[in-house]
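I would like the entire structure built from these sequences, with the hints used as guidance.
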Amino acid sequence: MKRKWLMAFTALILTFSLALLGCNSDSKTGGKSGGKNGKGTKLEIFSWWTGAGEEDGLKAILADFKKKHPDINVVNAAVAGGAGTNAKAVLANRMQAGDPPSTFQVHGGAELNDGWVAAGKMEPLDDLYDKEGWRDKFPKDLIDLVSKDGKIYSVPVDIHRGNVIFYNKKIFEENGLQPPKTFDDFKAVADKLLKKGITPLALGDKEPWAATMVFEDILLGKLGPDDYRGLWTGKVGFDDPRVKDAAETFKSWIPYFNKDHSSRNWQDAAQLVGEGKAAMNIMGDWAKGYFTNDLKLKTNVDFGWTTTPNTSDDFMVITDTFGLPKGIDNPDQVKTFLSYLGSTEAQDIFNPLKGSIPARVDADPSKYDEYGKQTMEDFKTAHITPSLAHGSAAPEGFLTKVNNAMNIFVTQQNVDNFINTLVSASSDLK
Amino acid sequence: MTLQPETKTHPTIKPKTKKRLSKDRWLAFLFILPSIILIAIFVYGFIAWTGYVSLSNWNSLVPDLSFVGLKNYLFLFHDFRFQADLRNTLFFTILFILCVLILGLFLAVLLDRKIRGESVFRNIFLFPMALSFIVTGVVWQWILNPSTGVNLILHKLGLKPMWYTSVSVIPGVEWGKIQFGIPVAIIAVVIAAVWQMTGFSLAMYLAGLRAIPEELREAARIDGANEFQVFTKVIFPQLMPITVSVIIIMAHISLKIFDLIYAMTGPGANFVTDVPGVYMYETTFRGNFYGNGAAIAIIMLLFVAIFIVPYLISSRKGGES
Chain A
1 MKRKWLMAFT
11 ALILTFSLAL
21 LGCNSDSKTG
31 GKSGGKNGKG
41 TKLEIFSWWT
51 GAGEEDGLKA
61 ILADFKKKHP
71 DINVVNAAVA
81 GGAGTNAKAV
91 LANRMQAGDP
101 PSTFQVHGGA
111 ELNDGWVAAG
121 KMEPLDDLYD
131 KEGWRDKFPK
141 DLIDLVSKDG
151 KIYSVPVDIH
161 RGNVIFYNKK
171 IFEENGLQPP
181 KTFDDFKAVA
191 DKLLKKGITP
201 LALGDKEPWA
211 ATMVFEDILL
221 GKLGPDDYRG
231 LWTGKVGFDD
241 PRVKDAAETF
251 KSWIPYFNKD
261 HSSRNWQDAA
271 QLVGEGKAAM
281 NIMGDWAKGY
291 FTNDLKLKTN
301 VDFGWTTTPN
311 TSDDFMVITD
321 TFGLPKGIDN
331 PDQVKTFLSY
341 LGSTEAQDIF
351 NPLKGSIPAR
361 VDADPSKYDE
371 YGKQTMEDFK
381 TAHITPSLAH
391 GSAAPEGFLT
401 KVNNAMNIFV
411 TQQNVDNFIN
421 TLVSASSDLK
Chain B
1001 MTLQPETKTH
1011 PTIKPKTKKR
1021 LSKDRWLAFL
1031 FILPSIILIA
1041 IFVYGFIAWT
1051 GYVSLSNWNS
1061 LVPDLSFVGL
1071 KNYLFLFHDF
1081 RFQADLRNTL
1091 FFTILFILCV
1101 LILGLFLAVL
1111 LDRKIRGESV
1121 FRNIFLFPMA
1131 LSFIVTGVVW
1141 QWILNPSTGV
1151 NLILHKLGLK
1161 PMWYTSVSVI
1171 PGVEWGKIQF
1181 GIPVAIIAVV
1191 IAAVWQMTGF
1201 SLAMYLAGLR
1211 AIPEELREAA
1221 RIDGANEFQV
1231 FTKVIFPQLM
1241 PITVSVIIIM
1251 AHISLKIFDL
1261 IYAMTGPGAN
1271 FVTDVPGVYM
1281 YETTFRGNFY
1291 GNGAAIAIIM
1301 LLFVAIFIVP
1311 YLISSRKGGE
1321 S
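Keeping their order, the protein sequence lines are chains A and B.
Residue 16 in this note's numbering sits at position 16 of the first sequence; the count goes up by one each step and never skips.
The number in this note's numbering is simply the position in the second sequence, starting from 1, with 1000 added.
No lab work stands behind these hints, which were simulated from the structure alone.
Keep in mind that the hints are not guaranteed to be accurate.
Simulated crosslink set (EDC-like; lysine to aspartate or glutamate; CA at most 16 Å straight-line) [unchecked claim]:
id : chain 1 : residue 1 : chain 2 : residue 2
1  : A       : Lys-401   : B       : Asp-1079
2  : B       : Lys-1177  : A       : Asp-416
3  : A       : Lys-187   : A       : Asp-245
4  : A       : Lys-137   : A       : Glu-123
5  : A       : Lys-140   : A       : Glu-123
6  : A       : Lys-335   : A       : Glu-173
Selected chain B positions facing chain A (in silico; Cβ < 7 Å) [unchecked claim]:
id : residue
7  : Ala-1040
8  : Ala-1269
9  : Phe-1285
10 : Gly-1287
Every residue gets a Cβ at the ideal spot worked out from N, C-alpha and C, and that includes glycine.
Take a look at the structure:
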């Protein structure tokens, strides 16, 4: 009998403790601070840098930072998953629950400005830029990309270029081909390769952003940098005849793709070029890291590179940046970390390992390979344009719609349908 | 109302009174109370919340819970991708369940012959179930890749199947925005799913066959039934409850399938292998269309309910009678 009552008592306690637990966590998430719930003063660095070179880079700068600031407890909170899809979902949940990480990786452009800044979740960093004298250390176009309404919101760490064609040098030499500069060149080269039975252009659009990247590079080549930027500000409509021309061009390229493109991811597509099964691949220059690190190919010996047609003076930029979220309780530590991230020292440790180039214009070129040196030179003078496929040009919602439309377009090849979808989706853009 | 006896009743004060709930009863109730509360919050509470979000205008990063009625649902039913998802789910479910049932029954009948090493075979057939769908997806993606795997042999024979890279739909009748029919690419996914789940229906059927007394078959044979008739007229009706259980379990797997598709093919060109689960994940967590994502979740819940609710009702009736 007694035992039974003891059990009943236990059950009751369990119930109430659960209820209490519920209340407790409610008040936690209701509160605005991520630091108050027993986290102390951890400096949590949130990113999706878990791939080969990038993880090495992140660990190297974190180690260096710890050496300089042994009093700060740095935690690497990286979430695995290509292009940050998983990390972004985790981040969105944490931000909505009022539990932001101390600082987090975010692509400069719309992903930052129309996402977190517009949601009122970020602190401006103008004073940090003034204190460090950064305003002339980053290109102006790049600072614009991380600013909204005249205020700067994040610190760019690395730069990738999106408008690059990587090509197999052996195939080009054997067939006496020159890397194409214009759309006509490209067509001539691709047709010649097609006749010889070589796949001219490798594509891996299992995740459709890879096809979107090809399309945005065509758009840039057809519209030029100013009108390309105008697409995202609403100055140029998607019903512009040049957009249609770009879609027609994309359509005319579809026969150049490998037949199994929908089952490959971008690495599989780059591999086709590496193995000599396809001649060219349009991809961001992280593909260079894949060629050299994973496939052990030699830069400018096994593979060469050129810009996509008509974009040699443009730089389709993908930049990883870090900002200061609102509602954390160690903003000073975060600012210390951000000043470090923005220093040439940190950027020259991180970028050679990741295979990207530094966001600062005054970094030390001797630490980079042949490709890096040339790209750094281009970066100083080229027109910087935001990438759509990587969330810099337009909000994620628009990108999702374009990716869906792209997926249908690649198969159905219906230009009018595609343009109509773009036009109706663009009503989301401001 | 059932909480009423909780107020300070002492065992010594209320012995043997004809309370509605005996002591054992409400002790039992106390013990399940935590799980009732947890399920109420974390299952039904969140279903209600999802339902609410699906009727709201929350289609950006910033929550906007203003009521918009069925706007998200209307959007989905006019959406090319969602229409394709419905088609794919329908044919995936039909093909998958049919193949699992037929193959499982066939293998069970073979194993029921009391052959030597039966347990070895049973384990071989059951083993794929121990794998996660992600593993199955990756393995079959390699096996069925048009440029590798079994296709190298098929190429030698002059066959060039496209498997999951095919974009054709058979017969491809115009319906809404999509072509209606069986997407060829989904067959590759069905093969992988059947490979994994056949073991389950095999085990179920084998248990069912063992439960049928030999006397029934004997009696049928004495009445002049041939072996085929014994099977169709005696054994198969006896296996009906098992068939229903397998259908219910397989249907709830196939209607909610996500991991296999995600690992094996992704949405596919022209969304030939897309399913609501994948669409929900992408539109919610990549596109930040929370309202649309919640609407897809509710629609998926309703699909499963179509199968589960009649089953629950009938099994409840069966339990009472």
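These are the hints, each one checked on the structure:
1. About 11 Å separates the Cα atoms of A/Lys-401 and B/Asp-1079, which keeps this hinted pair within 16 Å; it holds.
2. The hinted pair formed by B/Lys-1177 and A/Asp-416 meets the criterion: a straight-line CA distance of about 15 Å does not exceed 16 Å.
3. Only pairs whose Cα atoms come within 16 Å are accepted, and A/Lys-187 paired with A/Asp-245 is accepted, the gap being roughly 15 Å.
4. With a C-alpha separation of about 21 Å, the suggested pair A/Lys-137 and A/Glu-123 falls outside the 16 Å cut-off, and the hint is violated.
5. Between A/Lys-140 and A/Glu-123, the direct Cα distance comes to roughly 20 Å. Violation of the 16 Å bound is thereby established for this hinted pair.
6. For the given pair, A/Lys-335 sits about 51 Å from A/Glu-173 by alpha-carbon distance, which is inconsistent with the 16 Å threshold.
7. Nearest Cβ of chain A to the Cβ of B/Ala-1040: about 11 Å, over the 7 Å cut. The hint is violated.
8. Taken as an interface hint, B/Ala-1269 checks out: its beta carbon lies about 4 Å from the nearest beta carbon of chain A, inside 7 Å.
9. Hint status for B/Phe-1285: holds, given a least beta-carbon distance of 4 Å to chain A, under 7 Å.
10. With 7 Å as the threshold, the beta carbon of B/Gly-1287 comes within range of chain A, its nearest partner Cβ sitting at about 3 Å, so the hint holds.
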